[in-house]
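A.B. asks: Okay, here's what each chain looks like letter by letter:
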Amino acid sequence: DQQVKQNSPSLSVQEGRISILNCDYTNSMFDYFLWYKKYPAEGPTFLISISSIKDKNEDGRFTVFLNKSAKHLSLHIVPSQPGDSAVYFCAASASWSNTGKLIFGQGTTLQVKP
Amino acid sequence: DSGVTQTPKHLITATGQRVTLRCSPRSGDLSVYWYQQSLDQGLQFLIQYYNGEERAKGNILERFSAQQFPDLHSELNLSSLELGDSALYFCASSVGVAGGILPNTGELFFGEGSRLTVL
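Chains A and B are the protein sequences, given in the same order. Here the first sequence is numbered in the numbering used here, starting from 1 and rising by one per residue. Here the second sequence is numbered in the numbering used here, starting from 1 and rising by one per residue.
Hints are computed from structural coordinates only; laboratory data are not their basis. Careful, some of the hints might be misleading.
Cut-off 27 Å, straight-line C-alpha distance, at most; resulting in silico cross-link-like pairs (BS3-like, lysine-lysine) [claimed, not checked]:
#1 Lys56/A / Lys5/A
#2 Lys71/A / Lys57/B
#3 Lys113/A / Lys71/A
#4 Lys9/B / Lys37/A
If we take Cβ atoms under 7 Å as the criterion, some of the chain A residues that face chain B in the derived model are [stated by the list, open to error]:
#5 Pro40
#6 Glu42
#7 Phe46
#8 Pro82
#9 Gly83
#10 Ser85
#11 Thr99
#12 Gly100
#13 Lys101
#14 Phe104
#15 Gly105
Have a look at the derived ranges for each label pair, beta carbon to beta carbon [unchecked claim]:
#16 Thr109/A / Lys9/B: 18 to 24 Å
#17 Asn57/A / Leu83/B: 38 to 44 Å
#18 Lys9/B / Ile18/A: 35 to 41 Å
#19 Ser69/A / Glu54/B: 31 to 37 Å
#20 Thr117/B / Gly16/A: 39 to 45 Å
#21 Asn98/A / Ser38/B: 27 to 33 Å
Cβ coordinates follow ideal geometry from the N, Cα and C atoms, glycine included.
Excised from the complex, chain A in its bound form:
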């Protein structure tokens, strides 16, 4: 049972344009969401997060939007840069469980073309 889904395995955008990565979840108990970026031969690194009490969180070029009713979140990267080319994972947790267990999606490979 895949509780966190990233239905687009890959995405290609032109440098300077907007990249939109999507993520859906099924478990209504999730209340904290994170995005991680992964380069080849490296471990995932934290990018941005959002609590369910918010519907938007912004950090520089990165913005995460949360639509609780649709159980959907998205990551917007504006403007996209070639260095953003990586695999992006969304993750979710139930913070009340106090375990820190993050459930990850399958990942979306973003390619930003110069």
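Once you have looked at the hints, place chain B on chain A.
C.D. replies: Just chain B now, kept in the frame of chain A:
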């Protein structure tokens, strides 16, 4: 550099064998998490330890076991290896319990992974 160290980086072994993967968390981090990433799969949560105690368990096979030692490093033991166990195994750490706003610490810090190949 996340500060999380995993060894070995690569490991090739045969079916039926047993291996041990080692993880040293970031200085000061009390929680250690193990994740498995198989080909074209996301990161599958295996197990979490907090200050030496098991805190959460995922879909970890009975052939797999882990522990966290008093110095907070952790080991993941994989036994009776099968071809399907070939994967990247990531260790991650956090100060307290990750995955939420304070008092949870929000994020995990991942190591570079140990790539296991079972032939």
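A.B. asks: Would you mind marking each hint as holding or not holding in the structure?
C.D. replies: Hint check results:
Distance hint between Lys56/A and Lys5/A is fulfilled; the C-alpha atoms sit about 20 Å from each other, no more than 27 Å. Simply put, Lys71/A and Lys57/B have alpha-carbon atoms about 25 Å apart, close enough for the 27 Å limit, and the pair holds. Taking the CA atoms of Lys113/A and Lys71/A, the gap is about 30 Å. The hint is violated against a cut of 27 Å. For the hint pairing Lys9/B with Lys37/A, the CA-to-CA distance comes to about 20 Å; that is within 27 Å, so the pair holds.
Here the hint on Pro40/A is broken, as its CB sits about 11 Å from the closest CB of chain B, past 7 Å. With 7 Å as the threshold, the beta carbon of Glu42/A comes within range of chain B, its nearest partner Cβ sitting at about 6 Å, so the hint holds. The closest approach between the C-beta of Phe46/A and any C-beta of chain B is roughly 4 Å, which is under the 7 Å cut-off, so the hint is satisfied. For Pro82/A, the interface hint is violated, the least distance from its beta-carbon to any beta-carbon of chain B being 22 Å, above 7 Å.
Using the Cβ-Cβ criterion of 7 Å, the hint placing Gly83/A at the interface with chain B is not satisfied: the shortest such distance is roughly 18 Å. The restraint placing Ser85/A at the interface with chain B is violated, with a minimum CB-CB distance near 18 Å, outside the 7 Å limit. Interface restraint check: Thr99/A against chain B, minimum CB-CB distance 4 Å, threshold 7 Å, status holds. Among the interface hints, the one on Gly100/A holds; its C-beta lies about 4 Å from the nearest C-beta in chain B, closer than the 7 Å criterion.
At a threshold of 7 Å, the smallest CB-CB gap from Lys101/A to chain B is about 5 Å, leaving the interface hint in force. With a least beta-carbon distance of about 4 Å to chain B, the hint placing Phe104/A at the interface is held under the 7 Å criterion. For Gly105/A, the interface hint holds, the least distance from its beta-carbon to any beta-carbon of chain B being 5 Å, beneath 7 Å. Look at Thr109/A against Lys9/B: about 22 Å separates their beta carbons, and that is inside 18 to 24 Å.
Between Asn57/A and Leu83/B the Cβ separation comes to about 42 Å, which falls inside the hinted range of 38 to 44 Å. Between Lys9/B and Ile18/A the C-beta distance comes to about 36 Å, which sits within the given range of 35 to 41 Å. The supplied range of 31 to 37 Å is met by Ser69/A and Glu54/B, whose beta-carbon atoms lie about 36 Å from each other. The given range of 39 to 45 Å is respected by Thr117/B and Gly16/A, whose C-beta atoms sit roughly 40 Å from each other.
Distance hint check for Asn98/A and Ser38/B: the Cβ-Cβ separation is about 28 Å, which falls inside the suggested range of 27 to 33 Å.
When held up to the earlier numbered hints, the structure conflicts with 3, 5, 8, 9, 10 and fits the remainder.
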